[in-house]
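With the hints in hand, could you dock these two chains into one complex?
Residue strings, one per chain:
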Amino acid sequence: MKFIITEKIPELLESLSNAGQEVWAPQVVRDTVNTVLFAPWIPGADISFDMFTSISAKELVLPATEKLFSFRYRSENDLEAIEIESGEEPQARPILLFGARACDAAALGALDALFNGEPGGAFNDPAYRARRGALTVITLACTSCDTACFCSSFGEGPAEKSGSDIFLYPTEGGYLAEALTDKGKEIVGQQPFEDSCATAPPLVETARVDLTDIASRLRDGFADIDLWEQVAERCLSCGYCTYSCPTCHCFNIFDEMRFDREGERLRGWDACMFHQYTEETSGHNPRPRVAHRYRNRLSHKFWYYPENQGAFLCTGCGRCIRGCPGNLDIREAIAAVQQRHAGDARNGGR
Amino acid sequence: MSTIAQKGRDATNPLQPDLATVVGIISETPNIRTIKLVFDDERLMQDFSFQPGQIGQLGILGVGEATFAISSPPSVKDHIQFSVMKTGEVTSAIHELAVGDKVTVRAPLGCAFPTADWEGKNILLIAGGIGMAPLRSLFLDLLDHRDRYGDLKLIYGARTPDDLCFQQDCRAWEAGAGMGFTATVDSEHPGWDGCVGLVPSVVEAQGLPPEGTVAVTCGPPIMIKYTLASLDKMGFREEQIYTTLERRMKCGIGICGRCNVGPRYVCTDGPVFSLEELRGLPDEL
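As given, the protein sequences belong to chains A and B, one line each in that order.
Take numbering that gives the first Met the number 0: the last position of the first sequence gets the number 349, and nothing is skipped along the way.
Take numbering that gives the first Met the number 0: the last position of the second sequence gets the number 284, and nothing is skipped along the way.
This is chain B alone, in the form it adopts within the complex (with noise of 0.2 Å):
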């Protein structure tokens, strides 16, 4: 559905998965991992190309395959990595992984956010706990091409300190000059002296006016309800937001029915959707 282009993987049979292997694992919270890997072939190492916001399945042989946004940006050319929160079994089982071990890929699918599009405006990332998984990717690959944008501005809640994953990227953003990043948590931590509050009031104070500005969002389910109501407040309209959906999903090639909403996949057309295009399908989410 988005206007991007990126669909599926060109592949000759979409359900065999690519080797890969372990590289890199790194423990953000206490319940999420991101794990780091390279793929088993060079040749299709070399030549993987994606879009931030597109999905991969993530696999483990003998214990199934999963959907997660890629969080590692374009622009890192050597591995890909995935961010990975413990709630079910295959997730589980990622995060008993250890570095060497192997897993299964089948990546990229579905649409990338619409990045070609939102050249010269400005951009307002909102992303609340795991929801920062396909935002990092983007904010890295916006940062690869900060002349393109105007201002940008990235707010990143956590329920605590603990909750915020990436933190030496959420650092090295502190630092940098003008990057225009805040994290914030939902209450007072001893040792935490950033921003208190919940992301939608974050983002009413400290967010960027909607003239010009393209405004995403990606979190919990009621984080997004109540940040899109601030957005609204603050005179945002539809089309200006974009979002992830997320959706019980297997063959991430459009056929096997469970992520459809109304006529659209989630695996295919989505899972960016622009918040315009989301209220133009039926409600069951």
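The shape of chain A in the complex, shown without the other chains (with noise of 0.2 Å):
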């Protein structure tokens, strides 16, 4: 283990921003009350540990909006001539993120499956891998919690490591780094960390939701309609929950036009609880209601994404339920799943 002492890390900051990486730290937003969010990182900024942040750093690898490529009409009304900016393989900026929790770095391990995979297979992302390659990330450890964390209902809960290169966990006086990678090696090797021969303190363990079997369960209750319009009423399909999201990753594809002969085609962030999510042309929509667009967002999370990567879509954040204007709570919407189970064994049902 390494140790840095609290008042050095605005200098180890300052000495990666000045080797050329762009630091985002948590940050209290400007003329906000109460909104912390990550940010990029100027020396003599306040960094904010006191708060979650509201929205989760997923826009470091999967901007809210991006460019795909542009174009060019050679002239007004005419689509005879038309040029392409031809994709490239896309460089990016390197970025450190430092104070990740636990919950965030592991987040990247669920959209690196969909979007880092190797180049001409499925699920590879140019763009994605290219920020990603060049993204550190610096995880706080959690030694305390609020009442929307439920991080100890996945893997390590908030000890899971995978995502993070380097985790810190605060100590008396400072923070005691552990590296995971070879550039979290790099980082904990320079000054100004020491060595330290302390252990690391005991970490938060926060709620737990039951998933046995969720999959399944959800399967078994998809076509009961009134447990979904009963657990999605309040939802007012703002989409609040998907943006905030470190793991929702769904995409819009759409193009704009810049002047009268240019334009972009651009990637943007879309929601799956947005009636038009799915409204198809001819008027019909497979998700009409609130109902069913809720029943997909927690399925995609403990179903459909579980059966085809392995793992759970959600790290247990919370983001979701602090920030709900209905005041939902996905960790309610799984009891519900789980007490119409319960509910039908007792009726000696499936």
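No lab work stands behind these hints, which were simulated from the structure alone.
Any given hint could be a false lead.
Stated by the list, open to error - When the alpha-carbon atoms are kept at most 30 Å apart in a straight line, the in silico DSSO-like pairs for lysine-lysine are as follows: (1) A:K66 - B:K85; (2) B:K35 - A:K66; (3) B:K85 - B:K232; (4) B:K152 - B:K120; (5) B:K152 - B:K35; (6) A:K184 - A:K7.
Quick look at the structure:
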């Protein structure tokens, strides 16, 4: 283990910044009250570890909107001649994410499965790969939590190290640092880190949800539309849960003209909670009601993605619970699915 | 989900389209046009291969992309074609295209009809309206390899004679000996001396017996619904019946989220599914 005293953190970040890394850290957003976001850090800025960030760090690998390519018509209204700016191997600027939580870092692993595949294969996204490869994650281990946290339900919970390059444990006067990757080792091998033989403090234990056989119970309850109407009764379809979520990754592809002759094809975050998300040109919509859409979101996280990728598409960060204007709690939705199963079992059904 | 491993296109960036030029336009019906395309990259055109049932993202820069079945057969090597019904923004822009215009294409995507599994079997194709597009590709491919299959039968229905697409093909199939082709329209029309009747009843009257037969049906949901009932009545089992699903799609590579039916993505696991496979998926069509 290595150790860094609290006062030296700005010095560390400044030296990494000087070495060409863009440093992102949780900061109180100017002009707002009680909102902390991951944002570019400049020397002198305060870092806020008191509150969780409202929005996840996924924008560092999957920007809210990004250009896929640009194009140009050679003359107005002439579809005959078009130039596409060729898709060269994208370059990403190196970014250091400082002060992510274990749930944020672990979520990168869930996204990697879909975007960071080998070139030429399925799930290969050159822009994502470039950004992911240029990202270093220094994670702050959680010794406390709030009522929305439920990461203990997944993997190693607060001690989950996937996605992190360095794990920092808060301790007396500073932080113990555990390097997890070569990138991490290089950073902790330098000043202002010093050797330490201290042991890491115990981490927090958060709320747990019962995920026993959740995929098959979602399958059993799929057609129980009354259950879903009840579960999603307060949902406004606003999409906050998906935008703030570190693992939600659904996107749209759309074209925008910049001038008469020039435009861009863009990719932007989309949300399965929106009515238009699945609405077909004919007017038919396979998920016309909020209940259908909420069922899809929950099933994607706890049934579909696990069936395809072998892991849950949720790390228990709790953002969708803290920020929901309808006060929905994904843990209650899971519990409702489990209770339905228990009811079925009592009644002798499946 | 289909047994043929014909997934996705082998590209370094799956969201980057290829440019293609419109080389031909056929006005099929008042609201359906066939667009013939040639990739600008000669090498790509030469090497382009796909199987019937596979789909592509056809786009117009500045308007957007939409998903269509490839309606030409694999044996046609000098162009590919999509047949597009005018319904929304992208399809309206496609209907405005002229020969020489540029479009973007990402193809082939998705899984094809598992024709390798159908060798030695009779094949009954049942199409309605624009559902003929993927089945045109399939039927022509089956004819290209006629000796591999038993009896072939294509029943193609439209509301009126004017709504029948691919009329040139239809005339050739009608003229061809032993082609097993029937075009039908919903009701009597002046000048129409062909079959009159709704697709499901024509299937019951003229279809193939279920023994050793595969049935493939593409068309509007209401036609599919009653056709499946007819096939069931005739004794077809779920694993003998194939169809293609339509969904709103964007990425075409199973990531962007919207086209899933339960854990399966129509863009990569489909659009071809056997009825048996569909019955195993959550009911969210």
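The hints, checked one at a time:
1. A:K66 - B:K85: holds (28 Å)
2. B:K35 - A:K66: holds (29 Å)
3. B:K85 - B:K232: violated (35 Å)
4. B:K152 - B:K120: holds (12 Å)
5. B:K152 - B:K35: holds (26 Å)
6. A:K184 - A:K7: Satisfied, since the Cα-Cα distance of roughly 18 Å is no more than 30 Å.
Figure legend: structure checked against the earlier numbered hints; the only hint not met is number 3.
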